[in-house]
Structure formats: C-alpha cells, structure tokens
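Protein chains: 2
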Amino acid sequence: MPSAFFHHVHSIEPVEVAPGFYSRMLHMGAATLNFITVAAGNTVPMHQHVHTQQSIVLEGRFSMTVEGETQELVPGMVCTIPSQARHGGTALTDCKLLDIFEPMREEYASLGGIRLAE
Amino acid sequence: MPSAFFHHVHSIEPVEVAPGFYSRMLHMGAATLNFITVAAGNTVPMHQHVHTQQSIVLEGRFSMTVEGETQELVPGMVCTIPSQARHGGTALTDCKLLDIFEPMREEYASLGGIRLAE
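Quick note, the sequences are listed as chains A and B, same order.
Going by the numbering used here, the first residue of the first sequence is number 9, and it counts up by one from there.
Going by the numbering used here, the first residue of the second sequence is number 9, and it counts up by one from there.
It should be emphasised that the hints constitute simulated quantities derived from the structure, not laboratory data.
Heads up, a few of these hints could be off.
Which copy? The list can't say, so a pair holds if one copy fits it or any two copies do.
Below 20 Å or equal to it, Euclidean Cα-Cα: the simulated SDA-like pairs (lysine to any residue) are [claimed, not checked]:
1. K104 <-> T78
2. K104 <-> S91
3. K104 <-> G68
4. K104 <-> S118
5. K104 <-> A125
6. K104 <-> G120
7. K104 <-> Q79
8. K104 <-> H16
9. K104 <-> A26
10. K104 <-> P53
11. K104 <-> A38
Use the sequences and the hints to build the structure in full.
Here it is, written out as structure tokens:
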C-alpha cells in the first residue's frame, strides 16, 4: 500500500505543463510542489499568476528573469517570485527544478500529480 | 544592493532551531522555507504543530518517523506531514534538508531568516 506520508518523486506520473518541462507534482494543503525535469535549451516564456512561487535548482543551471532582473540559478540559490510578478526562463543545462506555489495550483491539480490530505 | 528575487541560501544567517539543526530560512507569503544543515547523529524528537510540512533531503540520508511510520529519506523523496501529525527524525549522515511549512512559522520568523514581500 502506498504510504500517506512518504513519496518517491520518480513514481509520480509526469505532466508536460510547458513544452519540454515535465512536472511531477504534489498538491497538499495550500501549496503545490512541482518537481520539474527539463532538457537544456527549453524556455518557459514570460508569464504571471496570482500564486507566489519559489524556485530552486536541484541540479543544473537555469537562467531566470523576474520583473526584468535576470540571474543564473544554481543549486544553493532560491528565486522568490511575488504574486503577479512577470517571470520566465531558460534551462542552460539539463535541469532538475523544484517550484513551490501558493496557493495550490488548481489548474495543475486537474492535470495530474498526487493530491494529499492536509 | 541585495536582489528582491534572488537569494543565496548560504548568505542567510543560520539559527539553531533544534540542537544540531542549523536553519537558514525564507519567510514568504503563507510559507516558510527552512534550509537545514545537520551533522550525522543529531535527532529532532517527536513533536507536532498546526503547520503542514513537506520535507526533502537535498543531500544525505535522514530517518523520519510520521505517526509511527518510519522511512529513510534520500534525495528524490518527499515526506508530507499533515497538520498536527506527530513526527521526528535522525540524521543518518551529514544532511542538507529543506522543510516547507504552511502557514509561515511566525515563531521561526521572529528567530531569524529573511522575510520577503508577497
């Protein structure tokens, strides 16, 4: 029986939420955790949403732009994106990313991932 | 000038929130991100709180118990702890952990870390 508390990210069915961005998601309480694998060269165009977002590079290098400010994200950095801030970016290498959204991204929860009890 | 959007975790002043657990925290919106470094052998005793918690091992191995279920957490796993679930654990090796709390842990925000605009 699957555990209610412990999850292997690789066992979550991936969803391609943007071209080349494969998301394995956990939806819990007021947040969505989005574990992304993306190959070098893929870009998510500038966009915005009501959710706050915190982005972490677990492996690789990712060029992120927020409100006109661009930085190369590497492990050990956090990018914090306020509600409605315009942002987008490009994978400079193959990357593993973690995006944390609040509140939960309901439109992503309807696409896939696992939804957990609060 | 420090960026409003990009942060180096190592530049955040650590706080020892439990013996041997050194936390570098970002408090944003409805959540706290807690980047922890802990040496092998340190234990956080069983406890509970109203906040939901999601725990990720970035490096190392960490034995986590939630409501009587124990698992060894390694990179690629997520532990999801519902509100008021009893949990605790031990670093089996030197570890880097990321705990995500919702709502923001106000009592931690008063101890340290950086507080960000929503």
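Hint by hint, here is what the structure shows:
1. K104 <-> T78: Within one copy only: 19 Å inside a chain, 27 Å across chains, cut-off 20 Å.
2. K104 <-> S91: neither (23 Å within a copy, 28 Å between copies)
3. K104 <-> G68: Intra 7 Å, inter 17 Å, cutoff 20 Å: intra and inter.
4. K104 <-> S118: This pair counts as neither: shortest intra-copy Cα distance 23 Å, inter-copy 32 Å.
5. K104 <-> A125: neither (26 Å within a copy, 26 Å between copies)
6. K104 <-> G120: within (19 Å within a copy, 29 Å between copies)
7. K104 <-> Q79: within (17 Å within a copy, 24 Å between copies)
8. K104 <-> H16: This pair counts as both: shortest intra-copy Cα distance 15 Å, inter-copy 18 Å.
9. K104 <-> A26: This pair counts as within: shortest intra-copy Cα distance 15 Å, inter-copy 30 Å.
10. K104 <-> P53: Classified as within; 18 Å inside a copy, 32 Å across copies.
11. K104 <-> A38: neither (23 Å within a copy, 25 Å between copies)
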